[in-house]
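Chain by chain, the residues run as shown.
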Amino acid sequence: MTAGRLLFDLAAAGAIIFAGLMVVGRNPVRSVLSLVVAFFALAACFVMLLAPFIAALQVIVYAGAILVLFLFVLMLLNVGREQPEKTGRPIQTVLGSAAVLVFAGLLLGMFRGSGAHVPMAADPVEPSLLGDPAALARLLYSDYLLHFEAVSVLLLAALVGAFVLARREHAS
Amino acid sequence: MIGSIPLSDVLLVSGALFSIGIAGALLRRNAIQIFLSIELMMNAANLALIGYGAALGTREGQIVVFFVIAIAAAEAAVGLAIFVALFRHTETIDVNKINLLKW
Amino acid sequence: MTPDLVKFTHADLAAIAPEMVLALTGCLILLVEAFAPRLRRWFATLALAGVAGSLYFLLEAPGGTTFGGRFDTSSLTVLMGLFLGAAAVLAILMAKPYLERTGEEKGEFYALLLWGHLGVSLMTRGLDLVIVFIGLETLSLAFYVLAGFFRSVAASSEAGLKYFLTGAFGSAFTLYGVALLFGASGGTKIEGFARPGFADSPAVIFGLLLLLVGFGFKMSIAPFHAWAPDVYQGMPTPAVAYLSVAPKGASLIVLYRVFSAAFEGGMPDRFRTGIIALAILSMTLGNVVALAQRDIKRLLAYSGIAQMGYVTISLAVFGKDALAAAIVFFFAYLASNAGAFAAVASLYRDETKPHPVALLAGAGRRAPFAAAVLALCLFSLAGIPATAGFIGKFFLFKAALEKGFYALALVGIANSLISIGYYLKVVYILYMREPVEADAPPSLAPADRLALALCAAAILGFGIFPSTLWEVARRAAATLPFAGP
Amino acid sequence: MTLPLWVLPVIPLVGFAINGLLGTRFGKSFVTAVGCGAAGLVTLAAYSRLIPFARGDHATVVEPVVSWIAVANLSIDISFRLDPLSALMLSFVTFVAFLIHIYAIGYMHHETSDAGYARFFAYLNLFLFAMLTLVLAESFLLMFVGWEGVGLCSYLLVGYYFDREYAALAGRKAFVVNRIGDYGFLLGMFGIFATFGSLNYSEVFRKAAEQPAQFSPALAAICLCLFIGAMGKSAQVPLYVWLPDAMAGPTPVSALIHAATMVTAGVYMVTRCNVLFRLAPEVMLFVAVIGCFTALFAGTIAVAQNDLKKVLAYSTISQLGYMFLACGVGAFTVGMFHVLTHACFKACLFLGAGCVMHAMSDDLDIRHMGGLKAKMPITFWTFLAATLAISGIPPFAGFFSKDAILASSFEAPGLGKLLWFVGLFTAGLTAFYMYRIVSLTFFGQFRGTKEQAHHVHEAPATMTVPLVVLGLLSLVAGWLGLPAVFGEHANVIGPFLAPVIAPIAGHDAAHEALPHATEWLLMAVSVAVAASGLYLAYQWYAKQGGRAPARIAAAMPGAYALVADKFRIDELYGVLFVRPYAWAAHTLWKVVDVLIIDGLLNASAFLVELAGDFLRFLQTGNVRNYALTFFLGLIALLLFVVGAI
Amino acid sequence: MQRLLADHLLSVLVFLPAAGALLLLLLPRSAVGAARAFAIAVSLLELALSLPLWVRFDLAQQGFQFREKIAWIPQLGISYNVGLDGISLLLVLLTTILTPVSLLFSYSHVEKEVRGFSIAFLILETGMLGSLVALDLALFYVFWEVMLVPMYFIIGIWGGPRRIYASMKFFLFTMAGSLLMFLAILYLAIRHQAATGVWSFAFEDLYRLAFTGRTETLLFLAFALAFAIKVPVFPLHTWLPDAHTEAPTAGSIILAGVLLKLGVYGYLRFALPLFPDAAMHFAPWLGVLGVIGVIYGAAVAYAQHDMKRLVAYSSVSHLGLVVIGIGAFTTMSLTGSILQMINHGLSTGALFLLVGVLYERRHTRELDAYGGIAGIVPVTTTLFLIATLSSIGLPGLNGFVGEFLILLGTWTSPHRWWAAAAASGVILSAIYMLTLVQRVFWNPMTHEENKKLTDIRPTEFIAAAVLVVLMVWIGVRPNDVLDRIRPSVEHLQKVVAAKQQAATYTRNAAP
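Residue numbers (numbering that gives the first Met the number 0), protein chains in the order written: chain R, 0 to 171; chain Y, 0 to 102; chain X, 0 to 484; chain H, 0 to 644; chain U, 0 to 510.
Just so you know, not all the hints are guaranteed correct.
As the list claims (entries may be wrong) - No more than 25 Å apart at the CA atoms, straight line, and that leaves these computed lysine-lysine pairs for DSS-like:
#1 K424(X) / K101(Y)
#2 K352(X) / K105(X)
#3 K309(H) / K542(H)
#4 K352(X) / K424(X)
#5 K374(H) / K309(H)
#6 K105(X) / K101(Y)
#7 K542(H) / K449(H)
#8 K449(H) / K372(H)
#9 K424(X) / K493(U)
#10 K352(X) / K96(Y)
#11 K374(H) / K542(H)
#12 K449(H) / K374(H)
What the hints assert, rightly or not - Some chain X residues flagged as far from chain H (calculated, every beta-carbon gap over 12 Å):
#13 T44
#14 A167
#15 D229
#16 M431
#17 R448
#18 I463
#19 F481
Please keep in mind that the hints were generated in silico from the structure rather than gathered at the bench. The beta carbon of each residue, even a glycine, is placed where N, CA and C say it ideally should be.
So here's chain R without its partners, still in its complex pose:
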């Protein structure tokens, strides 16, 4: 039981707990916030898993940018806390939760079983160097160049799309 192990477990536990809160909470603002916490916890896990750079991204981009954006929108639309189901169609809830349990059972069962056995890479990277940003960057601009270009288009599309949808009609 090393310190790293302990930290990971704590962070994981935190992530799961706050994720749970995010889901059960009726108040959207509260669930955003709990998700922020969950993401921080996840970032911690990433660090434990030798991916400090990603952890940083996780904090900056996800917890920072994205979820803040969520908050903005929430404020903008000031939607209150979700009303309890009046329509009384419990089938969605019942079936949904049952299904989720089954799925979790399958997935986790698979992981507990043989699912976790993975082949070692041909030339495994020295663990301490795994998270090395320079190496990551080099990889990004060499093997993953195409992905990089593609994502640029994706972002552009998202940008333009968001603009199209959200701008006020000045024409009319």
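Since the structure of chain R is provided, determine the placement of chains Y, X, H and U on it from the hints.
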């Protein structure tokens, strides 16, 4: 094993988070909360990727996560824009109330 | 690890050129929109030029894999590129008059269409699941927006929401599947799956199923179809015309790529049975529910679900000829379905309202050409001989019977009988009902006329002279490694 | 040079074609010329062949014209045959037909429309064509052509007044009932072909006569079928019902088709097939019994009828019964002899009735007539001659033929005596009812309306001349067949027809003639019976004005009504066949077609639609449900695929 | 041009109408008269071109003539492969005769969408001719289905009040059958490929395949169902009365005249030679269904109040007879059946035409709406009477010869009682047809409006007269036709017998 952390634990956590995300997506009615749950699902995937990558001893996992984060950001932008656009019509983002198109 | 930073060869450039052209055309259109709005009349032309250019480069591109074996240029990708290009061209052609009628002639539409098209083409060409995933997301993002493009129309925005939520949900599963496969194969390259016994581990099966579900969602295979009718109904018709064809073809190719690599020992029986179940469910549900539809776009959506059921037969049969058959089927489906949507786009006066089938009454006399093409497309979808649709089914069922899937073929046949029920219903309304609307449908715009003519020509052309297409498709299919013959 | 036989049918056919196509345009006189011209021409042509034939050695002539149907081992030629039998038929068919054509000129005079007039003569010619084909045919199939042809013409001519419902109905009835007979004929032909491998007379009869043992087993059935055909055509019980109704046609038609020629086709056919019939004795017996019964049955009905033509119709049926009786007891020549004589006097009777009808302005009810003797003498005398003939009073024609029939039935083994007795009784009956109508029509006081009274007049020459000719014939025609007692060669017709009755190997055709004494006795008896019948009728109707019969009728009303209603056979058939069929047809349609078959189909279609209507509501419009279905689908797959591993 | 007609006569015949239809597309929709005239002209030209077939047809030759073969989908050995034998020759001529007849009749009666009507009709003719000459099963299937679409439109657009239901029923019924046949055809080709390593859909090649009992049974049933629906064999007939009743006159003529025959034709051409054992095994069923059809059709016809419906059911009865002839499978009965197809085409065609003549004037088909009109419309009456007599098989007209041959041939087959039972049709047909004649043309005139009826028009008269002339001709000189049928029938029987032996041989050889 990644350091002292067995891969299976990492995967179990990721699986748990993924399932929680699904639960949220299925049980919440507020579009934004649904979308949050979906973000959680993607993060669960990220965790699995990082775990695998570390266990395999390759950086590819991290790279993938890098892209996933970018995609998630883009998705968020578009998604929220859609919510806003829709909200202009319906004054709500409770998906139970949004069913013009059906049958 | 090589010291030099950027690895970008001429080969890579040549390979990626088509996508670049698309991306740049999109940007160009936006720039024109921003700085010379008077030129908006030329957007469509520009977009067409862009597609044409990308096709040109696609045909020029030297074969083989690039970007470190992550990007494919082969007879398969070229053929699919043509397929997608054709879809894009048709969409653009019908978009111009459509947007003019609705006063929404914005450059963004074309730009997003082109970028989405880019994403789809990445899906067909990527040899790396991450590329595929990025392509998928690009497509999705672009079309989430296009679905909600008519911000002034509640239905459109709702379509956007529904497509977005379900789409994001679906791609989360896809992503998780990618993660699992990455873990199991130690990389994201598809070729990495081609390892003996790879498909034995549950994690891999799990991942493959997640992919199947994720892409099945894009193909709108039942039970992952539910988004399609609503989205089609609310989405601008030209975008639907593209969305209802191109991504489906690309998704099938992706699945074929992945499975052909992963199942080098042949597809496990239970996996296959699962796919068969999807096929049957999709065909039956699509056809039966389509019988009950009142809105032409929803009807076409369900018909599309059923048609994808037929395609899934090919996936279940899983082999060179099956893939070739599926490709032929997709070309037929492109001509018929896009043609149908083109006709619908040109036959309805008010785009922002629903499109009840009943409004088509009397169109046979008021808009003879559009109506005739619509009828032709429907007959083709129904698989009446001398149309492309028949040829598609012909090869599909041949493949199925060849591998001994008799029951599946029988179900397919039974379904095409049901399908005739609703296709003929539309034809009958077109030609045998007195008009209900006072004013005739809008006069046919040249672009629409061209689109319709192209579809009709393709339907009859493929229907009467299918051998070339079949030859090409088989050569294309041969580029994938299949277990056994 | 001799005229080829095929010309004979063709002449009237041409007449038919001309009148049918152009008749309406060129008016009555043209039609008359063509119609009667054709009839006359064909008569001349016929006799140009008959006279040499009769003079010569009566050798059978077969003249093939052209192959008609040739498939596999079936090869039917259009070929014609002239032998004593067909010669006999030919002789009177053409001649009587010609006379009746002439008569029709006068009779149809009052037909207003040229179209109708042309139609009438065209049909008459067509009938002549069919009848000649029937008579001259060399193969069963060709005979069947004529057979159906005459049926068609009877249908067309009975329904000549198409705008009168009863006429239209009668026509249809005639055709359908005949078709029932034809059904038998067809099966008979199939049997013949299956047995003999051919349908040509010469071949079939040769084979049958050569190896009777080999074929006789099949022949019972075949002959039965053939006889069913004959029953239809020659109006035998139970298929006689069409003939009385057929009187709805114009009287010349009744005379020509329903008395003289067509209805005797059955007898002709049976005689033609005598070789086959003689090999099927049980069928022969059946024929005899049916004939005998029909004679009696129809005779009985005739007694109580008041419609002049109806009485004649029933008497025709009864006389046809006699003919079959003759055939049944093996006296085919005698049967044919009666055909000949009957043709003469029955035609005469009908034409006479036609004149009366003409005079009474189409009223046929004998109760309205009376005392016409003075006003229309020619009609009366000819009618009387014919009546005496049919009643069998020597030396009139009927006497000889009928007496021959009675004699041959008397000498027949088995039931012979019984048949003879019934025949004899019927003879008396015949005399009675025939003289009954004579009395009621021509004697006593006129009982019709005023205008009828002064409208009554003798018919024009075109009508009376044929009457006279036929009257004479009904006197002399019988002398062709004087019984043996008048000397060896007294009987002309018997030897003339003898060659038709081919000897059958192993069957001895020769039967010993009756002793003369017996023969005289039989004659005496039959004459006595006939005479008493006449006398009774004269007493009751001419003298006492019908009080006695009225008393009898009053005494047993039920029986009288039954007879007067023709034993209500039509009603019986209605209940047994007609209405059940109509009911079955309707039920089959409504139940099997509409309810069951279409019901099943529409139901299945409806179920599919219903499923669609139900399933579409799974599309709730709520995106969460969509996500759920998606997820459930995934789980199902996982459980099925991964769960298994 | 000369060469074209010499070597590619069949192709010219098949595609000329389609070409005509394309040209019609160029006409403006308003050019009604032109469209009419053009369509008739094309169909007449077609007729003229088809006559050389009759002349140049070599009676001595038993196999197919006027052969043409061009690769179509070479990868699967599918080829444009056409030819003609006696059976198809007659049906082709029937088609080329009935099409102008129908168009001629429609000349004065179709006002709505004349161009569309003409186009549909010409395409229909291409479809019919194509499926009559196709010797490649894929090709056959294509033409077979192509016929469906124009007929669907003809019924659906120019039909009567219940035309929608009728057209839908017609389409679905036929589809239901042919889809199974489609699978069967594919399976055959696959088996051929498996056996020989070569793809082929050509009839001659597939003919060489031998199957185990069960497979052959299934395949045969798949084929037989498709054809039985088209014929139609009881109890698959219920689409026919509706289709006939609702279709416009011209449609009914073609439907009864040609389309139904294609069912029988397909059975003779494909089902029998390909699966002789199964066919022989099921022949008794076929015969029984035929007998039922004869009697049932006749009975139900008698119960009808609607002239067209009555004639439609009479078709069920007549084709039942044809089916019996095929079931009996003697040379005579087969010949009779084929001749009877032609006869039925002529007589029923004429009946529908003349019913149409009345309908166009009075706009009702109810028997009770007529009565006593013989005096008003003598010519129509006469023609109708002749058609009736032909249809009830009066000797001297065409109907009799066919009927007689079928019945006699059946009688000489082991199934004597079929003939005995079916011969009763002689009586029943007389009952319903004469009832029709009586109630329509005879009887007292009860409806004043009938007094104003006008007699047949020249165009109508020509159309009907052609048919009547043919009836008489075939009735008097049946040999002209029989000579052309006989060789093909004998050939067919030889082929079937040969394959039966071969098949049994291979089956015994197989372990």
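Evaluated hints:
no.	hint	in the structure
1	K424(X) / K101(Y)	holds, 21 Å
2	K352(X) / K105(X)	holds, 20 Å
3	K309(H) / K542(H)	holds, 24 Å
4	K352(X) / K424(X)	holds, 22 Å
5	K374(H) / K309(H)	holds, 23 Å
6	K105(X) / K101(Y)	violated, 28 Å
7	K542(H) / K449(H)	holds, 24 Å
8	K449(H) / K372(H)	holds, 18 Å
9	K424(X) / K493(U)	violated, 47 Å
10	K352(X) / K96(Y)	holds, 20 Å
11	K374(H) / K542(H)	holds, 19 Å
12	K449(H) / K374(H)	holds, 15 Å
13	T44	holds, 37 Å
14	A167	violated, 10 Å
15	D229	violated, 7 Å
16	M431	holds, 19 Å
17	R448	holds, 34 Å
18	I463	holds, 32 Å
19	F481	holds, 21 Å
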